[in-house]
Amino acid sequence: MENAAEQSTVVLKDEENVGAVQIADDVVAMIASLAATEVNGVSAMAGNISNELMSKVGVKKLTKGVRVAVSDDIVNIDLAVTMDYGYNIPATCQQVQTKVKNAIENMTGLTCETVNIRIAGVNMKKENK
9 MENAAEQSTV
19 VLKDEENVGA
29 VQIADDVVAM
39 IASLAATEVN
49 GVSAMAGNIS
59 NELMSKVGVK
69 KLTKGVRVAV
79 SDDIVNIDLA
89 VTMDYGYNIP
99 ATCQQVQTKV
109 KNAIENMTGL
119 TCETVNIRIA
129 GVNMKKENK
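So the sequence shown is numbered by my numbering: it starts at 9 and just counts up by one.
Watch out, some of these pointers could steer you wrong.
[To be verified] Okay, derived cross-link-like pairs now, SDA-like style, lysine to any residue, Cα gap no bigger than 20 Å in a straight line:
1) Lys107 x Met132
2) Lys109 x Ile125
3) Lys107 x Asn124
4) Lys72 x Ala88
5) Lys107 x Lys133
6) Lys109 x Asp33
7) Lys133 x Tyr93
8) Lys72 x Glu46
9) Lys133 x Ala54
10) Lys109 x Ile97
11) Lys133 x Tyr95
12) Lys107 x Asp81
13) Lys109 x Asn124
14) Lys109 x Tyr93
15) Lys109 x Ala77
16) Lys133 x Glu121
17) Lys133 x Ser51
18) Lys109 x Ile127
19) Lys109 x Asp34
20) Lys72 x Leu42
21) Lys72 x Asp34
22) Lys107 x Val29
23) Lys109 x Lys133
24) Lys109 x Met38
25) Lys72 x Gly49
26) Lys107 x Asn48
27) Lys109 x Gly27
28) Lys107 x Val35
29) Lys109 x Thr119
30) Lys72 x Gly27
These are computed hints drawn from the structure, not numbers from a lab.
Given these sequences and hints, build the entire structure.
As structure tokens, then:
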């Protein structure tokens, strides 16, 4: 079904030979980044600013802190994230892994084999009470 056209793209071929769809690795990385930062407890991707700030200033480069390896129809993801203080790291990481895996598989049709997470820091923001 899928073949690697080159290192930075994956080609999804239609069985009816109508045409082909190419998905750049950066697109897969962006999907992973957005899915990861939607989980409560993840403040940002490492080396990146938060999604809320990015949407306000229109920044489109969301792939910092994400490494993607695609081979045939198998995707392996490495994420570096900054967590919010007070969240259970193992439970939050499990939610991130599930959310990223599901997002990639649902949006691209590729199989996500691994989602490796590195905690790069903890955000110590103070909450207003």
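For each hint, the structure was consulted:
1. Lys107 x Met132: Outside the cut-off at roughly 24 Å; violated.
2. Lys109 x Ile125: Holds, at roughly 12 Å.
3. Lys107 x Asn124: Answer holds: Lys107 to Asn124 is near 13 Å, not above 20 Å.
4. Lys72 x Ala88: Judged against 20 Å, a Cα distance of about 8 Å means the pair holds.
5. Lys107 x Lys133: violated (25 Å)
6. Lys109 x Asp33: holds (15 Å)
7. Lys133 x Tyr93: It holds: about 8 Å lies between the C-alpha atoms, which stays within 20 Å.
8. Lys72 x Glu46: holds (16 Å)
9. Lys133 x Ala54: holds (16 Å)
10. Lys109 x Ile97: Within the cut-off at roughly 18 Å; holds.
11. Lys133 x Tyr95: Cα-Cα ~13 Å, so holds.
12. Lys107 x Asp81: holds (19 Å)
13. Lys109 x Asn124: Roughly 11 Å separates the two Cα atoms, so the pair holds.
14. Lys109 x Tyr93: violated (24 Å)
15. Lys109 x Ala77: holds (14 Å)
16. Lys133 x Glu121: violated (34 Å)
17. Lys133 x Ser51: Holds: Lys133 and Ser51 sit about 10 Å apart, inside 20 Å.
18. Lys109 x Ile127: holds (18 Å)
19. Lys109 x Asp34: Roughly 16 Å between the alpha carbons, so the hint for Lys109 and Asp34 holds.
20. Lys72 x Leu42: Answer holds: Lys72 to Leu42 is near 11 Å, not above 20 Å.
21. Lys72 x Asp34: holds (10 Å)
22. Lys107 x Val29: Distance ~24 Å between Lys107 and Val29 Cα, so the pair is violated.
23. Lys109 x Lys133: violated (29 Å)
24. Lys109 x Met38: holds (13 Å)
25. Lys72 x Gly49: holds (18 Å)
26. Lys107 x Asn48: Roughly 11 Å separates the two Cα atoms, so the pair holds.
27. Lys109 x Gly27: Violated. Lys109 to Gly27 sits at ~26 Å, over the 20 Å cutoff.
28. Lys107 x Val35: Holds, at roughly 16 Å.
29. Lys109 x Thr119: Holds, because 8 Å separates the two Cα atoms, which is no more than 20 Å.
30. Lys72 x Gly27: violated (32 Å)
Of the numbered hints given earlier, the model fails hints 1, 5, 14, 16, 22, 23, 27 and 30; all others are met.
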